[in-house]
Every structure is written in structure tokens, then in C-alpha cells.
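Asks: Sequence:
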Amino acid sequence: MIHNQIAAACCVSLIMFFQGSISMISFILASWELLLLILANLFSRGTGMMLGPRSSMAVDSCYCLSWRFAVEANNAQAWRMVPAQCVFYVENYMLAGQYNKDLDMVMEQISTYLNGIVAADDGMDAWVLDIDDTCLSNLWYYEGKRFGGDPWDPSTFKSWAQGGLCPAIPAVLRLYKRLKKGGFNVFLLTGRDEEALGAPTARNLHAQGFIGYERLILRGPSYRGQSAVAFKSAMRKQLVEEGYRIRGNVGDQWSDLQGDCNGDRIFKIPNPMYFVP
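Per UniProt numbering, the sequence shown starts with residue 1, numbered consecutively.
In case anyone wonders, no lab produced these hints; they're calculated from the structure.
Just so you know, not all the hints are guaranteed correct.
Pairs of lysine to any residue, SDA-like flavour, derived with a Cα cap of 20 angstroms [to be verified]:
#1 K180 x D121
#2 K158 x A199
#3 K237 x E214
#4 K145 x R68
#5 K177 x M124
#6 K180 x A119
#7 K268 x A171
#8 K145 x Y93
#9 K237 x Q258
#10 K237 x Q226
#11 K237 x G123
#12 K181 x Y213
Note that the coordinates shown come from a computational prediction; the quantities given were computed from them, not determined experimentally.
The whole structure should be built from the sequences, with the hints applied where relevant.
Replies: Structure below.
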């Protein structure tokens, strides 16, 4: 009888022990799960990745990616500034490597196209290249303008351009040299004002390695106040009337590429910092 009571007591003790152990294990697992949720939330806030609906940074990153897509697809038009919630996103895009990767992809497409064409012997095959943020980078200027988060300021940009300190965009400079070597005439077409910025622009281009282009075309007095599409269409039309065949057209704005006589192929370089109508 005593042995049975002892055995029963031992069984009860064992059951209570295992129940306590299970409770402890459940507590540990629940605590670990809570810790993982906290870390995931902190990680999503730090990186902008969408790991949960409570991360406002994740929502902004997704919105800004969609906004940039709309810009590059020319669905977003006439916007004056980068949306406030996307300023950091655009800064990161321009500086952290994605811009360069996207630019390299554009250059790869141009290279593939060039591999399939040959400049004619008559010397009339031409390419048209934009200047600002196509040949020359204004990234240093826009860094002081919150990468497009501040309103457009023509006076400060004029001062910047007059300084002639815009660095070449290396990938485009390589393209330029390949075009020249391939026998194409290259026309540099810009909306910069001819009287105010003609000389410093020419010096800047020369200093950065853009040497031997066929013509530098700037906006003259008769075209002031016109849209970039109207002005650049008129300039390209003049080239065609002179007998040139525009085999390719490269620019960072859709207004560089739209309108009349825009060429056999157009190539859009990414730029989410500003919009030129």
C-alpha cells in the first residue's frame, strides 16, 4: 500500500514537472517569436523593405518606386518637385548604385543597336545627344537642391552652369567616343541659353573630353519661351533638311526625344530629379 502511494506521488510529481517544462518552453518560444517580430520591424524601418504593414518607410519606398517608374515611362508629367516622401529615395537611387546600373543598361541597349548599323560613306549619318544630365552631370548641383526636392531655381542653375564644373558622365563619354570612331557626326543639342551659357558650356565640354563634335546647338533668342519639345524638334528638322540622317537620339528627358525628326532610335537616360516640358 505504501509503495503504491509513493508511486502515485512520483507520477504526480513527474506530471507537474513536465507541465512546468512545457509551460517554460512555450514561454521561451513565445518570447523568441516576439523578439523576431521586433527585429523584423526595426529592420524594415531601416532598409525600406516591406516586411509588415506597420512600416511607414516600407510604404513610402514602394510608392516612390512606383512614382519613379511613372516618371521614366512618361506617365508622370509636369511635376515640379520630387515628392517630399521620396527625397531620400531619389538621393539613395542616384548615389547608391542603382542609377549607374540603370544607365549601364541603357548603354548596353545602345551598344547592341550600334553593332547592327554602319555609318554611310557620305558622312551624313548623325546622332543627337542632349547635354545636361546626358553628357554632363548636374548631380553636384542637385545635391544642394535635395535631389529635386527643392523648387527649380533658374538663377542658381545659371550660376552653376557658368562655372563650367559639370563632370562628364563616363558611360556617355565612352559612347560619344565610339560614335566618333564609327564615323557618325555627333550634334550636341541643349536647351541652355546661347548668349548666357554658350561659351562656358563649350569650355566645359572640351575640358571633359567631348572634342570634335559636329556642332553645339543652344537655344537662341528666337526660341526663348518655347518648350523643349518645340525647340529641339525645330533644330532636328533643320539637320534633316541639311541632309543628315539621325540614326540615334539620346537624352535624359522625354522632351529631348519627342516631336519631329527624333531619329531612327531614341534612348532615354534615367533622371528622377527634375522634369523639363
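Asks: Where does the structure disagree with the numbered hints, that is, which hint numbers, in rising order?
Replies: none
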